[in-house]
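Chain V is fixed; fit chain S onto it per the hints.
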Amino acid sequence: MNIENTTAQMRKGILEFCILSLIAGRDLYSSDILEALKNRKMLVVEGTVYPLLTRLKNADLLQYRWEESTSGPPRKYYSITSKGETFLAELQFAWDELNKAVTSITKK
Amino acid sequence: MNKTININLASTFFHIDENAYSVLRNYLSKLKTAFKNTSGSEEILQDIEIRIAELFQEAKKHTDYVINEEDVQKVISILGQPEDMDTEDNFESVEKDSLVSTKKLYRDPEDKYIGGVISGLGYFFGIDSTWLRIFWFIATLFSGGTLILIYILLWALIPLAKSTADKLKMKGEPVNIATIEKKIKEEFDEVSSKIKDIDYKKASNTLKKKSRKFFNFVEELILLIPKIIFRFLGITFLIISIIGFISVLLGWASALFFSSLHWPFKFYLFNLNWTPSLFISIAFLLFILIPFLFLFFLGLRLLSSKASKLGSTVRNSLAVLWLITLIGLVGFGAYEIRSNSVKATKEVSQNLILRESDTLWIKQKNEYFNKNEERWVFKNTNVIIDPENDSWWIDKNLKLNIETTDLPNPVLVITKSAHGYDPQEAQKHADKIQYQWNQVENNLLLNTQWNLAFSEKFHNQEVKLVLQLPKGYSLFIDPSLKNYLTYPIANDQGYRSSKTAGHYWVMGDQELECLDCGSTSKSMELRYQQEDKQKELHLKVDENEVQINRK
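Protein chains in written order, with the numbering used here: chain V, 1 to 108; chain S, 1 to 551.
The shape of chain V in the complex, shown without the other chains (with noise of 0.2 Å):
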């Protein structure tokens, strides 16, 4: 056992959450999602994030639009669905009962 890999597969639980929360407030570009987890200490490396973003667009969590770059390749610009949306209230709800669940346990 190591420190590294457990934080990592705590993190990997709670990444889906993570994105999609992200997204729900305003409509990001693949390159802002990594930003903003990378900020926050939740990404180890970058390509974690790119078979879950289509998962979630597979499921019908999430959807994207191209739009032109002027610095660079064409954006994925992604937006949540409706579907998304109740998604995310439920992964809300658990984390939050989790939450609980977690600090009541260990702040014993």
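Treat the hints as calculated values from the structure; they're not laboratory data.
The beta carbon of each residue, even a glycine, is placed where N, CA and C say it ideally should be.
Keep in mind that a hint or two might mislead.
[Unchecked claim] Some, not all, of what chain S presents toward chain V, calculated at C-beta under 7 Å: (1) GLY40; (2) MET85; (3) GLU425.
[Claimed, not checked] Pairs of lysine-lysine, DSS-like flavour, derived with a Cα cap of 30 Å: (4) V:LYS12 <-> S:LYS32; (5) V:LYS41 <-> S:LYS396; (6) S:LYS482 <-> S:LYS432; (7) V:LYS83 <-> V:LYS38; (8) S:LYS464 <-> S:LYS499; (9) S:LYS365 <-> S:LYS482; (10) S:LYS471 <-> S:LYS432; (11) S:LYS32 <-> S:LYS3; (12) S:LYS61 <-> V:LYS76; (13) S:LYS399 <-> V:LYS41; (14) S:LYS471 <-> S:LYS535; (15) S:LYS457 <-> S:LYS482; (16) V:LYS76 <-> S:LYS32; (17) S:LYS396 <-> V:LYS76; (18) V:LYS57 <-> S:LYS32; (19) V:LYS57 <-> V:LYS41; (20) V:LYS57 <-> S:LYS36; (21) S:LYS104 <-> S:LYS162; (22) S:LYS61 <-> V:LYS41; (23) V:LYS12 <-> S:LYS36; (24) S:LYS399 <-> S:LYS471; (25) S:LYS399 <-> V:LYS38; (26) S:LYS36 <-> S:LYS227; (27) S:LYS162 <-> V:LYS57; (28) S:LYS399 <-> S:LYS363; (29) S:LYS60 <-> S:LYS32; (30) S:LYS60 <-> S:LYS3; (31) S:LYS60 <-> V:LYS76; (32) V:LYS38 <-> S:LYS36; (33) V:LYS38 <-> S:LYS343; (34) S:LYS471 <-> V:LYS83; (35) S:LYS399 <-> S:LYS343; (36) S:LYS457 <-> S:LYS535; (37) V:LYS83 <-> V:LYS12; (38) V:LYS41 <-> S:LYS32; (39) S:LYS74 <-> S:LYS3; (40) S:LYS535 <-> V:LYS38.
Structure of chain S alone, referenced to chain V:
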């Protein structure tokens, strides 16, 4: 000096040096294999490419900037190795996919039955160890102990993978990552600990995995057997059809073009000027070729499901054509059988002029037609073409018999027979057989061939000769005739009829009695009769006695 390559990443243009390019390409192909089992893999890869392009764009200090290896390494460290990404499925796919890198041969202490040699070899050659074990086991049974020795030798020579690094090298995983990760120490620690973790999990699951693998293997094997049979059948069909097709076509073409005039079929089936012969021969050809064609395509289909298929129009028209040829040939065959359904014979008896005291010499007539090399052999019968006389010579189709008779003189009975549509026609065919023989003094000269005019065709014609000999007449059968003596000829020696040739015989009460068979039989007899039949001398010598009788 370093070569620069222009690349297009997510529709953005970059200059990149050669080393950087190869690292990047390696990385992308690694990602591609890592994600190959993930749904939406193409999209993920496209997203990653776009991100790489963005990161390159950031690294680009001026428009002519050439991306170098350091830039690529930096991008890779940001995006991470495929092992660190969530590829949705399991780690196994990642393990398998990194076989590209350099590997070392180790024995695997975790996946072993005896010494872990086979699993080590399996990793090295990228073959599942279960397959390799089964192969090795079967091969050992047939190798007569050689493979056991080799196994022991390998056991001694190949080192055991003790450390994690050894195991990684054995699986060929880390070398690629390691070169990158040496620069970032922390990451190396993480990866190696992760691998430890995997190994732990793996060890606990080994038993389960092994049994699962075994059943998977059995299932695959069962699925494989019909595949192998189909392959084998396919190849066999292809070979048979190709050989059959070519040989039939060649045979037909050579028969048609090189000997068309003297084609023996014309004797057997048609008159010389009858054009339907060509049609019938073409029908015959198609009748054989079309099934070969179908067999060929069937073989192709068995070998590969992608192989070109015969169009349904082509297939149906070929089938119809084949049916037509079948009907045509059956009809023709029926016609032929019908037209040879009745047999007729013509018998001619000829008296031979011979004194009883003379010995009749039966010989083959010298005129033997053998000039033309165009001959057709059918059922031991030879058909030879004689263009000068406009006739067919039939060789080796003559039967000669010798019988006793009550008539006072020797008689040669010539029986000609033929088949036809009705008795009259059969009779006509029989009449057309031309057989030649003659008697010169006491030599009976028999032609061993007979002939037919070109206008005649095969009607099962036969010529049978019977020499009827009264009692007391003697004869000598020339050895040249021995092949024509096919009927049983009654003789006191019990000889096969062909063996009677080359001996002197006298006709007794019932059978021929040999006059010179003494050397080969246990007894010898000699009979002497005076011309007026008043006196007779009979001398008999055998193992026990000598008998002399006088009348």
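Hint check results:
Interface restraint check: GLY40 of chain S against chain V, minimum CB-CB distance 4 Å, threshold 7 Å, status holds. Contact between MET85 of chain S and chain V, as hinted, is supported at the beta carbon level, the nearest pair being about 4 Å apart and thus within 7 Å. A least Cβ separation of about 87 Å between GLU425 of chain S and chain V goes past the 7 Å threshold, and the interface hint is therefore violated. Proposed proximity of LYS12 of chain V and LYS32 of chain S is supported: the alpha carbons are some 22 Å apart, at most 30 Å.
Between LYS41 of chain V and LYS396 of chain S, the direct Cα distance comes to roughly 107 Å. Violation of the 30 Å bound is thereby established for this hinted pair. Of the supplied pair hints, the one linking LYS482 of chain S and LYS432 of chain S holds, its CA atoms being roughly 27 Å apart against a limit of 30 Å. A distance of roughly 27 Å separates the Cα atoms of LYS83 of chain V and LYS38 of chain V; the hinted pair therefore holds under the 30 Å criterion. Between the alpha carbons of LYS464 of chain S and LYS499 of chain S the distance comes to roughly 19 Å, so the proposed pair stays at or under 30 Å and holds.
Of the pairs offered as hints, the one joining LYS365 of chain S and LYS482 of chain S holds, with about 14 Å between alpha carbons and a cut-off of 30 Å not exceeded. Taking the CA atoms of LYS471 of chain S and LYS432 of chain S, the gap is near 34 Å; set against the 30 Å cutoff, the hint is violated. With a CA separation close to 26 Å, the supplied pair LYS32 of chain S and LYS3 of chain S stays within the 30 Å bound. Taken as a hint, the LYS61 of chain S and LYS76 of chain V pair is honoured in the structure, with Cα atoms around 25 Å apart against an allowance of 30 Å.
Annotation: proposed proximity of LYS399 of chain S to LYS41 of chain V is violated, straight-line Cα distance about 112 Å (limit 30 Å). Taken as a hint, the LYS471 of chain S and LYS535 of chain S pair is honoured in the structure, with Cα atoms around 16 Å apart against an allowance of 30 Å. Distance check on the hinted pair: LYS457 of chain S and LYS482 of chain S sit about 28 Å apart at the alpha-carbon level, within 30 Å; holds. Among the hinted pairs, LYS76 of chain V with LYS32 of chain S is consistent with the structure: their alpha-carbon atoms are about 21 Å apart, no more than 30 Å.
Simply put, LYS396 of chain S and LYS76 of chain V have alpha-carbon atoms about 96 Å apart, too far for the 30 Å limit, and the pair is violated. Annotation: proposed proximity of LYS57 of chain V to LYS32 of chain S holds, straight-line Cα distance about 20 Å (limit 30 Å). The straight-line distance between the Cα atoms of LYS57 of chain V and LYS41 of chain V is roughly 24 Å, inside the 30 Å bound, and the hint therefore holds. The hinted pair formed by LYS57 of chain V and LYS36 of chain S meets the criterion: a straight-line CA distance of about 18 Å does not exceed 30 Å.
Only pairs whose Cα atoms come within 30 Å are accepted, and LYS104 of chain S paired with LYS162 of chain S is accepted, the gap being roughly 13 Å. With a C-alpha separation of about 28 Å, the suggested pair LYS61 of chain S and LYS41 of chain V falls inside the 30 Å cut-off, and the hint holds. Distance hint between LYS12 of chain V and LYS36 of chain S is fulfilled; the C-alpha atoms sit about 21 Å from each other, no more than 30 Å. Simply put, LYS399 of chain S and LYS471 of chain S have alpha-carbon atoms about 22 Å apart, close enough for the 30 Å limit, and the pair holds.
Between LYS399 of chain S and LYS38 of chain V the alpha-carbon distance is near 111 Å, which puts this suggested pair outside the 30 Å criterion. Restraint check for LYS36 of chain S and LYS227 of chain S: the C-alpha separation of about 26 Å stays at or below 30 Å, so the hint holds. At roughly 45 Å between alpha-carbon atoms, LYS162 of chain S and LYS57 of chain V are farther apart than 30 Å, so this suggested pair is violated. For the hint linking LYS399 of chain S to LYS363 of chain S, the alpha-carbon distance of about 14 Å falls within 30 Å, and the restraint holds.
A hinted pair counts as satisfied when its Cα atoms are at most 30 Å apart, and LYS60 of chain S with LYS32 of chain S qualifies at roughly 26 Å. For the hint pairing LYS60 of chain S with LYS3 of chain S, the CA-to-CA distance comes to about 18 Å; that is within 30 Å, so the pair holds. Taken as a hint, the LYS60 of chain S and LYS76 of chain V pair is honoured in the structure, with Cα atoms around 22 Å apart against an allowance of 30 Å. For a cut-off of 30 Å, the pair hint linking LYS38 of chain V to LYS36 of chain S stands: about 27 Å separates their Cα positions.
The straight-line distance between the Cα atoms of LYS38 of chain V and LYS343 of chain S is roughly 108 Å, outside the 30 Å bound, and the hint therefore fails. Our distance criterion of 30 Å between C-alpha atoms is broken by LYS471 of chain S and LYS83 of chain V, whose separation comes to about 123 Å. The hinted pair formed by LYS399 of chain S and LYS343 of chain S meets the criterion: a straight-line CA distance of about 18 Å does not exceed 30 Å. For the hint pairing LYS457 of chain S with LYS535 of chain S, the CA-to-CA distance comes to about 56 Å; that exceeds 30 Å, so the pair is violated.
Distance restraint check for LYS83 of chain V and LYS12 of chain V: the Cα-Cα separation of roughly 22 Å lies within the 30 Å cut-off, and the hinted pair is therefore satisfied. Of the pairs offered as hints, the one joining LYS41 of chain V and LYS32 of chain S holds, with about 27 Å between alpha carbons and a cut-off of 30 Å not exceeded. The hinted pair formed by LYS74 of chain S and LYS3 of chain S meets the criterion: a straight-line CA distance of about 21 Å does not exceed 30 Å. Distance check on the hinted pair: LYS535 of chain S and LYS38 of chain V sit about 144 Å apart at the alpha-carbon level, beyond 30 Å; violated.
Hint check: violations occur at hints 3, 5, 10, 13, 17, 25, 27, 33, 34, 36, 40; the rest are consistent with the structure.
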